[in-house]
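K.L.:
Once you know that position 112 of the sequence shown is 112 in the working numbering, the rest is easy, because the numbers rise by one and skip nothing.
Derived from the structure by calculation, the hints contain no laboratory data. Please note: incorrect hints may appear among the correct ones.
Pairs of lysine-lysine, DSS-like flavour, derived with a Cα cap of 30 Å [what the hints assert, rightly or not]:
| no. | residue 1 | residue 2 |
| --- | --- | --- |
| 1 | 123 | 83 |
| 2 | 65 | 78 |
| 3 | 123 | 104 |
| 4 | 20 | 9 |
| 5 | 9 | 65 |
| 6 | 69 | 104 |
| 7 | 65 | 85 |
| 8 | 104 | 76 |
| 9 | 123 | 78 |
| 10 | 85 | 97 |
| 11 | 83 | 69 |
| 12 | 69 | 97 |
| 13 | 104 | 83 |
| 14 | 100 | 78 |
| 15 | 65 | 29 |
| 16 | 29 | 17 |
| 17 | 76 | 65 |
| 18 | 97 | 83 |
| 19 | 85 | 104 |
| 20 | 104 | 78 |
| 21 | 85 | 69 |
| 22 | 76 | 29 |
| 23 | 100 | 123 |
| 24 | 100 | 85 |
| 25 | 85 | 123 |
| 26 | 9 | 29 |
| 27 | 65 | 123 |
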Amino acid sequence: MDRFARSLKDLVTEVDKLVKGGIAIQFVKENITFTAQSTPMDNLMLQLMGAFAQFEREIILERQKEGIKLASAQGKYKGRVHKLKPDQAEALRQAWKEGKYSSKMALGQAFGISRQAVYRYLKAGE
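All chains should be modelled from the sequences, with the hints used to inform the complete structure.
P.N.:
As structure tokens, this is what we get:
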């Protein structure tokens with residue numbers, strides 16, 4: 001269930017949408033099945049299990065942030081390594097401004113990065 005949706009709202013919405021479409025949903029680990037004939041008790045269990053899944057996810061994220069903060073303070077965590085150095089990123093932005101490449105895909109290929117990365121670098125330079 002916690003893999004199906006990360007928030008209670010999403011879980012309830014998706015289960016409701018699928019059940020209304022005539023699809024039965026079975027959560028094996030929790031041993032719960034939802035159909036168009038689900039009982040109020042089934043719906044209560046869905047709400048409770050979904051709330052616990054959301055709570056667990058939020059606790060994991062909180063611990064992760066604490067761990068990153070602690071590791072950063074100790075100099076052990078540096079974050080993701082950027083593919084381009086600052087001067088290369090500036091050259092990428094300049095090449096795009098000057099129209100040297102017809103598409104962001106071509107620009108990315110020239111600099112050895114993905115199209116999505118091109119968008120990030122261009123946005124960062126705004």
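K.L.:
Next step is simple, just say for each hint if it's right about the structure.
P.N.:
Taking the hints in turn, this is what the structure says about them:
1. 123 with 83: holds (16 Å)
2. 65 with 78: holds (13 Å)
3. 123 with 104: holds (13 Å)
4. 20 with 9: holds (16 Å)
5. 9 with 65: Satisfied, since the Cα-Cα distance of roughly 24 Å is no more than 30 Å.
6. 69 with 104: violated (35 Å)
7. 65 with 85: At roughly 26 Å apart (the allowed maximum being 30 Å), residue 85 and residue 65 satisfy the hint.
8. 104 with 76: The hint is violated at about 35 Å.
9. 123 with 78: Given that 30 Å is the threshold and the Cα spacing comes to 22 Å, the pair holds.
10. 85 with 97: holds (19 Å)
11. 83 with 69: Satisfied, since the Cα-Cα distance of roughly 23 Å is no more than 30 Å.
12. 69 with 97: Cα-Cα ~37 Å, so violated.
13. 104 with 83: holds (16 Å)
14. 100 with 78: violated (34 Å)
15. 65 with 29: Given pair residue 65, residue 29 holds - Cα atoms ~29 Å apart, limit 30 Å.
16. 29 with 17: holds (21 Å)
17. 76 with 65: holds (14 Å)
18. 97 with 83: Holds, at about 20 Å.
19. 85 with 104: OK: residue 85 and residue 104 at ~19 Å, within 30 Å.
20. 104 with 78: Holds, at roughly 28 Å.
21. 85 with 69: At roughly 24 Å apart (the allowed maximum being 30 Å), residue 69 and residue 85 satisfy the hint.
22. 76 with 29: Not satisfied, since the Cα-Cα distance of roughly 37 Å exceeds 30 Å.
23. 100 with 123: holds (18 Å)
24. 100 with 85: holds (20 Å)
25. 85 with 123: Holds: residue 85 and residue 123 sit about 16 Å apart, inside 30 Å.
26. 9 with 29: Status holds; Cα separation ~20 Å.
27. 65 with 123: holds (25 Å)
Checked against the numbered hints above, the structure breaks hints 6, 8, 12, 14, 22 and satisfies the rest.
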